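Chemist: Next come the chains, spelled out residue by residue.
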Amino acid sequence: MKTFTYERASIPAEATAAAARTPGAKFLAGGTNLLDLMKLEIEAPQHIIDIGKIGLNKIESTPAGGLHIGALVTNTDLAAHPIVRRDYGLLARALLAGASGQLRNKATTAGNLLQRTRCPYFYDTNQLCNKRVPGSGCAAIAGFSRQLGIIGTSTSCIATYPGDMAVAMRALDATVETVKANGAKRTLSLDQLYRLPGQTPHLETTLEKNELITSIVLPPPVGGVHIYHKVRDRSSYAFALVSVGAILKKDGTGRVAVGGIAPRPWRIESAEPLLPSGAKAFTAQLLKGARPTKENEFKLALVERTLTAVLNEAKH
Amino acid sequence: MKFETPAGINPIDQLRVIGKPTDRIEGPLKTTGTAKYAYEHNDEVSNPAYGYVVGAAIAKGRIKTIDQTKAKVAPGVLAIVTAASVGALQQGKFYVDRLLAGPEIDHYHQAVAVVVAETFEQARAAASLLKISYTKTKGVYDLAAAKDSAPISRQGQSGPLRQTNVGDFDGAFASAPVKLDETYTTPDQTHAMMEPHATIAHWDGDMLTCWCCIQQLNWGARDVATILGIPQENIRLIATFIGGGFGGKGTALSDIIAASLAAQAAGRPVKLALPRPLMMNNTIHRPATIQRIRIGATPDGTITAIGHESWSGNLPGGGVESATASTRLLYAGANRFTQLRLAVLDLAEGSAMRAPGEATGMMALEIAMDELAEKLNIDPVALRIKNDTQEDPEKPGRKFSSRKLVECLQTGAGQFGWNKRQAKPGTVREGQWLIGMGVASAIRGAPIMKSAARVRLNREGIVTVETDMTDIGTGSYTIIEQTAAEMMGVTMDKVVVKLGDSSFPTSPGSAGQWGAASATSGVYAACVKLRDAVANSLGVRVEEAEFVGGQVRGGNRSYPLGDAAKATELVAQDEMTYGTLSREYAQDAFGAHFVEVGVNSYTGEIRVRRMLAVCHAGRILNPKAARSQIIGAMTMGVGAALMEELVVDKQVGFFVNHDLAGYEVPVHADIPHQEVVLLEDLDPTMSPMKAKGIGELGIVGVAAAVANAVYNATGIRVREYPITLDKLIDKLSINA
Amino acid sequence: MLINPINRNTMEESNESTISRREMIVGTTAAIAAITLANVTGTQAAPHTVPLSLAKVSFTVNGQSHDLEMDTRTTLLDTLREHLHFTGTKKGCDHGQCGACTVLVNNQRINSCLSLALQHQGDTVTTIEGLGTPDKLHPMQAAFIKHDGYQCGYCTPGQICSAVAVLNEIKAGIPSHVSASLVEKPQLTNLEMRERMSGNICRCGAYSNIAEAINEVAQKQA
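As they're listed, the protein sequences go chains F, S and G. If you count by numbering that gives the first Met the number 0, then the first sequence holds residues 0 to 315, one letter each, in order. If you count by numbering that gives the first Met the number 0, then the second sequence holds residues 0 to 735, one letter each, in order. If you count by numbering that gives the first Met the number 0, then the third sequence holds residues 0 to 221, one letter each, in order.
In short, the hints are calculated from the structure, not lab data. Be careful, since some hints might not be right.
Said to hold, decoys possible - From chain S, some residues computed to sit far from chain F (all C-beta separations above 10 Å):
1. P446
2. S581
3. L724
Claimed, not checked - Derived list of chain F stretches under chain S, where covered just means 3 residues or more per stretch with a C-beta under 8 Å from a C-beta of chain S:
4. 0-11
5. 119-131
6. 227-235
Since we're looking at a predicted model, the values are computed, not measured. The C-beta atom is built at its ideal place from N, Cα and C for all residues, glycine as well.
Working from the sequences, and respecting the hints, build out all of it.
Modeler: The structure is reproduced here in structure tokens:
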């Protein structure tokens, strides 16, 4: 880990101001991903702004009937919140499927959105990785890619977004609220937040330098059956091979986002009218243009089969 | 003491202490965090510097240059050690890996430098400032590709035979009415013990003391001496507690060599642990195998021919994974053939991991038996029973010292409800889940080795045992205390056990499933000597002396045990050595594993629902600790069956998933309540303890039992471990 | 107690005036330490001045407060093990992949390896040593001994800290991945406990016994 200077901020504006003032600064929230990467020098901030105690840890109902979630609400607190459990079951289920109890106690909502890929070549600084070192090449495409992406990927990167929570957020049409150093605020959808890799896989989000996520807003509940089905080799404490987050109505309509297959939670709204026709038709549309490797082409079938299970479960 | 003829009745048979399910004596330390592991000896070593090992960034080639300019001047840096700075090191006598590489690089993450600094943070940061440039050369990383040109492995001085032939295998197989001929693969696996390899090294003049986590301290001291070129008597290794090993800490690895060299260079004690992401490519692992099994049988299920060939790879000079070992002994059959072939691969060194050879080979053989049973339309339990043998099938007339495989299978079948298993696969369904049951036999050699101990008696009647035996979680402390208490007729609270110090009398350490049987026998021998000394001191005839309840009785008189040491502490030291009984008898431990799995018919996810092991392994010294050894091994077997694989990147030449997120081992949620039955057994051919090892037996066959259960659930036969959902879903029918 | 991990003989204290006056910033923005290096690998290196960052933090461990000045990079785990010598908390992977470093912070379990010491200003930390001692075992420690819920012992402190927290989490009604209902109170089932304990890897494979130990404590508490 490279040496860095450290400061604690006490309010969001102070954090963004400090970031603007200090070259090479990074915000530190829970630290469960950033510190991991700093130990390997995949991340090497010169200055850490600890935002752990700047507030932003409340969950409040919005006037519109939705939910306003502070960026620093922990995964545990979010999953345990009565309104989340009652009205946004998909989100609670996705959170609880991720990581471990210890990590969920520390991991924050915004940090979770921004967690980086678990591609093993990204994690090993001796290997070629365009995400870590732009232009160096990608060892994963011809290497061990069983866990990696099948769609939304590029010739320079097949890494996946590894998380669970964002899959649910995407299906729930969550939006992200941010503040910049100059105080300007904006709101982004998750598809606006996450970039696809193209030839610049090191650019993962559209956040500007020193821009801070302050909250995540969920629209009013949409009802329906909420199911998050995460498929993995071991029963717990593992990243998804494939995960399906679904909100399904009695008439067969609904929304579906899929994790473990793409650089961002994968949802194609235009495919969703096909849901009543069944998993096969929908998945064909959802995964149109997929370019799996030989090692991960099983995910094509796995998405369809997992969705089949989810659709069946929703009927019962 | 030499053990040459089968044991008769002896003090151990009193079973006042031995055989009881005593809690582990070190429990209060381990559960309160006060048991000290290698890296934690802060009281003994003040002001240590911190070492950080740098691994090679390439799989094969040469170091061109190591530019230390920036690292040298980084904050806190005290020394930088490289092969160039310390000169050529010798190889150890067990592992062939060069523990500090340079200029040649033999495998990925081989240690190339050690950076020493005032703090851990400084050492780690400085390590990344070393600028190392390499010249890559082409390596061989693909076992399947190297297989056809792999020669029969060299016959070592020890280890199983590389090739065996009994009768006419080819002829018998060709003419067998029912034949099975299948190939199975097992992947590279890593021990993944929870404590990383760690050492604190401290030089006092020429004397080197290392607090380490080596399982076999006698080998460790020998190998450190050999590698560093110093006399073994100048080395003291201390390993009071070891955070797991499973064979992965057998003797000296890069941590102890790096720490020792770094401490010398820095002129300070150095503490160092291998970073977890380095361990899997830097140290040793269980090698991958390709195994071909051919079995010929008559329609009634009698095996007439059995052949097993196995291919594995290793660094030049490294050993072969002896996957055929069990096949030579497990089932009858007049015509037999085994062969081990070994390719040279430029991956990290392959070596021992829990039941080396046997665990690997039985992953294949016990699927083959399941497949044969189906071909014969015979129940898999019945087929195994049918082909039981009470003598070494390669050496008719050489009996097994004790073998209740049939009873293991029958007991297990009864207790598990095997009769509810549907022979036709894919026919039991509960909602989304397909349910299946599987069985496998278990066999593991029961070696026993020369082992020494020293016992002391003081005037308070306290018996202190000293031996360099280690406790890696196996229960050594407890069973040794039980042994000494039984022998000296005292309660356990009157015994102190000191282990894990190479200055104590030499044991064979924790390896090869020989630790428990060997070390307690050494303590037995020393206690026999101490009993003699006690009798002499008290003026009691040795033949009449009875040691009971803290008293010594003889000649109608009774003395407190401590009275014998009134004048001076009594000290007795002896070792147990062995004659030819292991050649006269086949000495093995046996078992049977039963597993029930559910397979999700949509996703192919596999979850273990029930597990039972029945074991027959000589006298059980402590049923509680023995049971724990078995359930732990069963858990590791589930990992082997369903998730564990060091994935080889055949282009770069390394194990890609080299951390605990990438290399998945079972977690709590994967393991249901486990049942273990320990059959009563005494094996007087082993030692006066009449015990065998059990720690490795428990893993043998487990993976195959899981695999067979998956087949029974789905009708899909997977012959390439691990059995993951991607190998099932193409053939899995969703329809309920 | 003031713990200073850096040998004071080899450095100068940073000037207090370089520390921001703003109250909430406890850390220095750029503490500069001059470190003179001598004799590295046998060759005389030129003396250099290199930056080093230190910052202050105070927290309580097992009831005792500690005022520390740490290298900013020091994790809570290394602070406990290397500076305060609470070696009961183990380093298994240092990357949040094993759970051996689990401690309780403000009564919640976390992986102390993925947390800087500096993040814990004002926190209350409980390690395995704070739960009980060999002479005065915590009920969970006693249950682990009785059920042989450990072998090598290296993951054990983390397992026990986690187990204590798990029972509190169930009591607090926090659901898990395997809870049948999100809105009803979770039950003390074997499956619930196994799922919740899954962040603590035991390679010795004592899981079945650990589950029994936790169950016993849970039943007694219930």
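Chemist: Look at each hint and say if it fits the structure.
Modeler: Each hint, compared with the structure:
no.: 1; hint: P446; in the structure: holds, 33 Å
no.: 2; hint: S581; in the structure: holds, 40 Å
no.: 3; hint: L724; in the structure: violated, 7 Å
no.: 4; hint: 0-11; in the structure: holds (count 3)
no.: 5; hint: 119-131; in the structure: holds (count 6)
no.: 6; hint: 227-235; in the structure: holds (count 7)
Checked against the numbered hints given earlier, this structure breaks only hint 3.
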